[in-house]
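**Student:** Sequence:
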Amino acid sequence: MSRILSGLDNNCLAYLDDIIVFDSDFETHIQSLRKVLERFRIFNIKVSGKKLTHIAQSKITFLGHEISGSTYSPAERNIKAIRDIQIPTSVKAVKGFLGMANFFRKFIKDFASIAAPLYALCKDKTPFQWGDAQATAFARLKDALISKPCLAFPQDKEFILHTDGSKSAVGAALLQHQDPALPPCRYRLLQ
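Read in order, the letters of the sequence shown are residues 881 to 1071 in my numbering.
Please note that a few of the clues may not be correct.
[Said to hold, decoys possible] For each label pair, taking beta carbons as the anchor points, the in silico distance ranges come out as: (1) A1013 to N924: 55 to 61 angstroms; (2) Q911 to F1008: 54 to 60 angstroms; (3) G1045 to K915: 43 to 49 angstroms; (4) Q966 to F1033: 43 to 49 angstroms; (5) R883 to R963: 36 to 42 angstroms; (6) Q1035 to G887: 29 to 35 angstroms; (7) F1033 to N982: 17 to 23 angstroms; (8) L1062 to Q966: 18 to 24 angstroms.
Source of the hints: derived by calculation from the structure; they are not laboratory data. Every residue gets a Cβ at the ideal spot worked out from N, C-alpha and C, and that includes glycine.
Generate the whole structure from the sequences, applying the supplied hints.
**Tutor:** Here it is, written out as structure tokens:
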């Protein structure tokens, strides 16, 4: 699909058979849709009418994210699924929770540090022992995700990179503004 839509990536994103076309105004959006549909015609790709569900929308859900204008956040159905997760009682349950949380790690400042006690439980031959550190990590990750975290899409302007480091980790926050009330573009933490 990336070859078929090559050159349209400033306003088109494809993941397998899911495609999103985005623009800042209606007229440009219609032109972009025409370009995408023309590519499909050239490559003889059929489009299901069921897939054309969100044309000229200001807010959509795409690949587990709610996208609205210049920001995006985890989709409400994912927030609900995280809210409903019970305290894990096995390594398998911890891995399931971490899998879901890891998908949204970009929204959580210091994700790796917070999740470290849970990852420690998942190491080979480590007996399952749920203690205060794991309970705190689970609660902090769950709270961070159900608080509906939000990130901004990068714009065509200067970036600001805030970094921090310690003996055990290096962290960063990518912003395009100085206002702490506005969302960052991304968080990253490496241990």
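**Student:** Against each hint, give a clear statement of whether it holds in the structure.
**Tutor:** How the hints compare with the structure:
A C-beta distance of roughly 57 angstroms is found between A1013 and N924, which places it inside the suggested range of 55 to 61 angstroms. At about 56 angstroms, the CB distance of Q911 to F1008 agrees with the hint of 54 to 60 angstroms. Taking 43 to 49 angstroms as the suggested C-beta distance range, the pair G1045 and K915 conforms, at roughly 45 angstroms. Checked against the hint of 43 to 49 angstroms, the C-beta distance between Q966 and F1033 comes to roughly 34 angstroms, which is inconsistent with it.
As the Cβ distance of R883 to R963 is approximately 40 angstroms, the hint placing it in 36 to 42 angstroms holds. At roughly 21 angstroms, the beta-carbon separation of Q1035 and G887 lies outside the given 29 to 35 angstroms, and the hint is violated. In this structure the hint that F1033 and N982 lie 17 to 23 angstroms apart at CB holds, the actual value being about 21 angstroms. Checked against the given bound of 18 to 24 angstroms, the beta carbons of L1062 and Q966, roughly 35 angstroms apart, lie outside it.
In this structure, the hints that do not hold are numbers 4, 6, 8, in rising order.
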